[in-house]
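Following this note's numbering, the numbering of the sequence shown begins with 536 at its first residue and continues without gaps.
Mixed in with the good hints there might be a few duds.
Each computed DSS-like pair below joins lysine-lysine, with the alpha-carbon atoms no more than 30 Å apart [to be verified]:
no. : residue 1 : residue 2
1   : K646      : K596
2   : K629      : K556
3   : K625      : K702
4   : K679      : K624
5   : K690      : K718
6   : K556      : K605
7   : K548      : K679
8   : K637      : K582
9   : K702      : K569
10  : K556      : K679
11  : K557      : K582
12  : K568      : K609
13  : K575      : K552
14  : K596      : K625
15  : K625      : K609
16  : K690      : K629
17  : K629      : K706
Label-pair distances were calculated between CB atoms; the ranges are [what the hints assert, rightly or not]:
no. : residue 1 : residue 2 : range
18  : Q555      : V714      : 49 to 59 Å
19  : E561      : E759      : 44 to 54 Å
20  : K679      : K582      : 17 to 27 Å
21  : T590      : D750      : 37 to 47 Å
Bear in mind the hints are in silico, worked out from the structure with no lab data behind them. Computed from a predicted structure; not experimentally measured. Cβ coordinates follow ideal geometry from the N, Cα and C atoms, glycine included.
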Amino acid sequence: MLEITSVQNPLIKEIVKLHQKKYREEFIIVEGKKALQGAKEAGLEIKYVFSCDDTLLSEYKNGAYLVNEKVMEKISTTESAPNIMGVVKKPEYKIQNFKNFKKIILLDSIKDSGNLGTIIRTAAAFNIDGIMLFGDCTDEFSPKTIRSAAGNIFKVPIVHAPLEQLKEFKKTHKMLTTVVNSKNSTASLRAETPVIIMFGSEAQGLCKELLTLSDISYTIPMKEGVESLNLAVSVGIILYEMYKNEG
């Protein structure tokens with residue numbers, strides 16, 4: 536087991552660069568035992584592991600570094616550093632494989648990393664096969680997204696979906712949209728699979744290009760005078776309605 540005690544160590548400087556999206560083309564930071572275990576179970580390459588506790592490093596034979604608190608705080612992306620963190624090869628998913636998926640959700644221009652992480656966690660809980668991102672979205676592998684997914688980041692494949700490829704999916708999947716003024720209530724939602732459920736941003740909703748692909752739209756019934764729900768909450772409600780009505 537190797538040891539690093541200086542924040543000026545060249546490897547530590549390289550790890551800190553991964554705090555920025557432009558450096559995360561190949562590797563990502565994974566913080567916390569649960570998320571790191573998820574990467575291991577997914578069969579991803581774990582290049583480095585850092586901890587102040589040598590007992591937590593015992594199961595990692597290669598690339599394990601015992602560090603002090605100052606180093607851990609330097610490489611962590613949070614105010615309170617985790618007890619263990621790693622550098623993991625970023626998973627790569629192909630949109631072609633989504634053709635075989637029965638239940639997919641699509642998120643249009645989602646900007647909040649915390650919301651995205653929560654949605655990933657919810658998707659895993661309700662047996663969603665994959666997530667598509669459309670438009671200008673936040674980084675699905677940012678440290679904040681990974682933390683918010685609470686160990687589920689590697690359980691649901693995520694791809695970016697161009698409009699032309701979505702048009703191809705319309706040949707094989709029913710497409711549902713969520714809007715604020717549909718006559719169809721989500722309480723009656725019984726989605727036939729294969730299906731893609733599309734969600735727009737809280738500020739703008741779904742873009743026109745996606746609305747034109749819709750086969751049917753649904754609205755979450757709620758008290759008048761409330762403008763909208765948080766996106767992650769809306770996704771949770773609809774996925775629960777689908778889940779309980781399956782079969």
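Exercise. Taking each numbered hint in turn, which are not upheld by the structure, reported in ascending numerical order?
Worked result: 1, 5, 8, 9, 18 and 21
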